[in-house]
Amino acid sequence: MTNAIDLKKVSKYYPDFKLQNINFSVPKGAIVGLIGENGAGKTTTIKSILNIIKIEGNITVLGKDHKDKEKEIKQELGVVLDDSFLSEYLTAKAINSIMKKFYHNWKEDQYYSYLKKFKIPLHKLIKDFSSGMKMKLKIITAISHQPQILILDEPTSGLDPIVRNEILEMFRTYILEDETRSILISSHITTDLEQIADYIVFIHEGKILFDLPTSQLLENYGIIKCKEQDFHMIEKNDYLHYKKEKYQYEVLVDNKYEIQKKYKLKTIDKPTIEEIMLFYVKGEKE
Amino acid sequence: MKGLIKKDLLNLASYKTTLLILIIFCSIGIIGTESVTIAPIVIATIIGMIALSTFNYDESSKADKFILTLPLTRKEIVTSKYVLAIGSIIIGGLFGIILTIILTNFINIIRPNDLITIDYKSLCITTLCGMFGIALIQSIQIPSIYKWGAEKGRIQMFILLFIIILAILGISFFFTKFGFQIEEQQIESFLNQFGVWIISILMLLMYLISYHISYKIFSKKDY
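From first to last, the protein sequence lines stand for chains A and B.
Okay, so the first sequence: first residue is -16 according to our numbering, each after it adds one.
Okay, so the second sequence: first residue is 51 according to our numbering, each after it adds one.
Treat each hint with caution, since some may be false.
[Stated by the list, open to error] Once the Cα atoms are required to be at most 27 Å apart in a straight line, the calculated DSS-like pairs of lysine-lysine come out as: (1) K52/A <-> K112/B; (2) K1/A <-> K197/B; (3) K84/A <-> K99/A.
Hints were generated in silico from the structure; no laboratory data involved.
The structure presented is a predicted model; accordingly, all values stated were derived computationally and were not measured.
Just chain A, same shape as in the assembly (with noise of 0.2 Å):
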């Protein structure tokens, strides 16, 4: 089965951070969350797909090269960015007739009773929207011309836990509407992901550090909370990373079943995605 979007070996150096040898798929059907400190090159990334900035390496969207057939695979993509939008000075109207120009597939009532369903104002300025509410909008244009994809760059950042929520259930009606679609979502919000996504993708200085279903890192990834005479029990192979706390030793690993019966642990705790990305950042391994 083809992959919504492939990426390999993908590149970018800037004078001041590189994008190194990027791979990763976003399988049809799945949501791919993309995550990673400010600055790690999620935004780069999808820069890259969208051919916003010139790379190095191959990346295909829908089976196709994303720069020899650029129209015809944008007529296929939703895209919400963070910063940027059509203007801020027209209205919702304004937009529905400036967006039908450009997408064949341009679903006009479904954009108006999403507005409606969403309470956007018609005839107010976009500048004047809150930002929960211009979130909906740009999240309401994306979707408008029903995409095959969706690729939203920190959509929930700086929203209330409300509008977040509300946010990710227009994901989750995208994706129930249709099984063939997929999204890319970008977010430092890991807990966001952990609702919605399907894989994980962590990058970190521009490298990626790990890609897994989030089922697994939730389910089979554990911490062990433990004194540090019983950390250097602990063989060094069974072990991702570990975290030297004031009165602990909290340790990560990817397998806690088998280390619980192995070691006869008592209990491993659940770690969040939050916690897993932090051991990766900040934690040690000998």
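Put chain B on the given structure of chain A with help from the hints.
Chain B alone, transformed into the frame defined by chain A:
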């Protein structure tokens, strides 16, 4: 591309009051001075400059990045800006000519003893000369904006214009110093004979060169 032009026109809708005031002032100017050249030049100039302010709207909304996610080629994005720029001076010039003709006829109706005659050929050449000036500014400014952004691009444009003016002054100084005589009448008759063609071809050339430079800059640019 139609979508981009529509976006720019909708962004510019906020200028409608400015344009109305401009038309009123031009009308007063024509009636007051009985000059038949003022309106086309002023209106083409202002509309031509307003068209360039769409770059400022794009910059303040950081729209360039989003526009590049739409099903458009970079060539279409650049072309849309030139269509708007060229369209604005043509519409401005034509509107100025029409306003001049209407107002002059109006003055002639209410004051039949002292008729104002319009030399249509001269009106067209004057309008074209005005349009040429704006075309020159647009041709320099659009690539500058693509290269340096709307704010910095404007500064670069003023520097370039300053250099052009200095060069023209330098040439005229050179002519005067070495005794070359330029007869105004000769220039006028030359312009009357070939002016429309020369100015039109020069404008076309300027826009073509400018378009190629803009496209080259934009096609290589990362956002």
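Against the structure, the hints come out as follows:
no., hint, result
1, K52/A <-> K112/B, "holds, 25 Å"
2, K1/A <-> K197/B, "holds, 24 Å"
3, K84/A <-> K99/A, "holds, 22 Å"
Hint check: no violations occur; every hint is consistent with the structure.
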